[in-house]
Amino acid sequence: MESRTFILKHKLPIARVEKYWKGLEEGKVYGTVCKICGAKYYPPQVDCSKCYNSEVEWVEISGEGTIECFTQLHSFPQGFEFVGRPYTIAIAKFGDFKVMGWYEGDIPKVGEKVKIKTGKDETGVWKVYFEPWGELNEHRL
Amino acid sequence: MRVGIIGVGCSKFGVRDDVTLQELAFEAVKEAIEDAGISKEDIEMSVVGTAGTRSYELMPAVPINEYCGFTGKGPIRVEAACATGSAAVYTAYSTIKSGIADVVIAIGVEKMNEVDTPTSLAVGGRSGSYLWEFHQYGTTFPGYYAMHASAHMARYGTTEKQLAMVAVKNHRNAAKNPKAQFQKEITLEKALSSRYVAYPLRLFDCSAITDGSAAAILASEEKIKELGLKDQAVWIEGIGYSSDTANLSKRIDYVGLKATVEASRMAYKMAKIDDPVKQLDVAALHDCFTIAEIMAYEDLGFCKKGEGGKFIENGDSDFGGKIPVNTFGGLKAKGHPLGATGVGMVYEIVKQLRGEAGELQVDLKNYKGLTHNIGGTGHFGWVFILGV
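Respectively, the protein sequence lines represent chains A and B.
So for the first sequence, my numbering puts the first residue at 1; every next one is plus one.
So for the second sequence, my numbering puts the first residue at 1; every next one is plus one.
Everything labelled a hint here was simulated from the structure, so no lab data went into it.
Quick reminder that beta carbons are idealized off the backbone N, C-alpha and C, glycines included.
Honestly, I wouldn't trust all of these hints.
To be verified - Computed cross-link-like contacts, EDC-like style, restricted to lysine to aspartate or glutamate with a CA-CA straight-line distance of at most 16 Å: (1) A:28 / A:18; (2) A:93 / B:116; (3) B:250 / A:96; (4) B:365 / B:253; (5) A:127 / A:26; (6) A:93 / A:60.
Unchecked claim - Okay, the calculated beta carbon distance ranges per label pair: (7) A:25 / B:172: 28 to 36 Å; (8) B:184 / A:125: 38 to 46 Å; (9) A:38 / B:30: 56 to 64 Å; (10) B:71 / A:15: 37 to 45 Å; (11) A:25 / B:15: 42 to 50 Å; (12) B:184 / A:11: 17 to 25 Å.
Work out the full structure, taking the sequences as your base and the hints as a guide.
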């Protein structure tokens, strides 16, 4: 038999990293750097796990990124049925920061160069997207 | 003071919609007590390892404890994602080492089929760093390991065929294990033509969604002597643990699991293992996905970094090879009920070291074996060295 329906929907406290979420709406992706010890954080955090201070500088992550790993999902988790097609998740390196994002294309290559941008999906959630560099990809590693 | 394992039990793995979580745990507990040849009353403390979330019983330790007749003796509930079972065994070990109790049972149990597959995939994906991974990108566990596979394949030339060979080997072993979820062999062609779940991982690169339980009874050396169980005891000679970041974006690379490297280093030091392939007779490795077993060969020092693909291709991890790996079918084919997996690995190595593995028995030279249990994608790492 079936259990009683039980819906879990959580509130997400994002007050301390609001700059990140506002940034996405402005087309910017922010990481944080500890003002005391210089530790870099992406995803951003405002408490330094290394030196235990809470003074950070917000820095924009931009420029050319390099894909380090990726997957294309063909089996979808609950909550992502809306996509309706396989979607590609990658982690790309931009200088000292590594960033997860949705790759706008079919199957990327490890070492491929990408541009970072932001956008929101059909459910209104803002996120990072990676755009292939086009011709530059002729020089894939 | 040494700590030994005096009894082990394991349920049939698979889709177990015939039993509740409690009833499933009971199967393994009963077998472990009978295997030890002790009375239930000899057990002083229980540890219940269950990752939970996929089961309707949200705080299941006490219901399980009650059903198994241990009310008043624990339970300590532990959770370490897919390494929950190893955390349970560790907790039992530590409880004995601390002198608090002399006989402790570690119970690992999971029912993953009470929810549908998309829900199960969401639970897995939400178990990384929810806000920054699942919430934004819809990650899944096959996806996390697929990302590692993409990096490993790019850097070392590991092939889809080599990945599939892990599945073929583990299915071949599971075919002879009556407790395995999939008691059937598969061909390389079948594995390589199965659909992608998370590119580059195909259906047969992935462990399935499994219900199952396992139990291990641990006791102090003094108590083992007192109970007259010295001949059947398998000793815990080494324990190593580590962990890594929740966010994959904070990892150094994606071609291995640092938690495995660190945990094995610690366990090898404690058990005085310099050359694992030469000093161990058998190993149960965390092959939730085929790439995970290949990375584990390397991270545990069975071969050099990047040579894991060759290791499977050469038959080095098969019966008669350098070190037989996942002789009971592994997570891939025996099944991967999260809470039970780590305890199930201990069950397998205990059976092997006691020479009770039947058709799946390895040759014993050193009488030492290893378990390697990962939670998440290296979010937790556990390595045990067992010996007689």
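Going down the list of hints, with the structure as the test:
The straight-line distance between the Cα atoms of residue 28 of chain A and residue 18 of chain A is roughly 13 Å, inside the 16 Å bound, and the hint therefore holds. Between residue 93 of chain A and residue 116 of chain B the CA atoms are separated by roughly 35 Å; this puts the pair beyond 16 Å, and the hint is violated. A threshold of 16 Å between alpha carbons decides the hint, and for residue 250 of chain B with residue 96 of chain A the separation of about 10 Å falls inside it, so the pair holds. Restraint check: the Cα-Cα separation between residue 365 of chain B and residue 253 of chain B comes to about 37 Å, which exceeds 16 Å; the hinted pair is violated.
A threshold of 16 Å between alpha carbons decides the hint, and for residue 127 of chain A with residue 26 of chain A the separation of about 11 Å falls inside it, so the pair holds. With a CA separation close to 14 Å, the supplied pair residue 93 of chain A and residue 60 of chain A stays within the 16 Å bound. Look at residue 25 of chain A against residue 172 of chain B: about 54 Å separates their beta carbons, and that is not inside 28 to 36 Å. A hinted range of 38 to 46 Å for the beta carbons of residue 184 of chain B and residue 125 of chain A is consistent with their spacing of about 42 Å.
Look at residue 38 of chain A against residue 30 of chain B: about 57 Å separates their beta carbons, and that is inside 56 to 64 Å. Here the CB-CB span from residue 71 of chain B to residue 15 of chain A is close to 44 Å, well matched to the stated 37 to 45 Å. The hinted range of 42 to 50 Å is satisfied by residue 25 of chain A and residue 15 of chain B, whose Cβ atoms lie roughly 45 Å apart. For the pair residue 184 of chain B and residue 11 of chain A, the beta carbons lie near 47 Å from each other, so the given range of 17 to 25 Å is not met.
Violated hints, in rising order: 2, 4, 7 and 12; the structure is consistent with all others.
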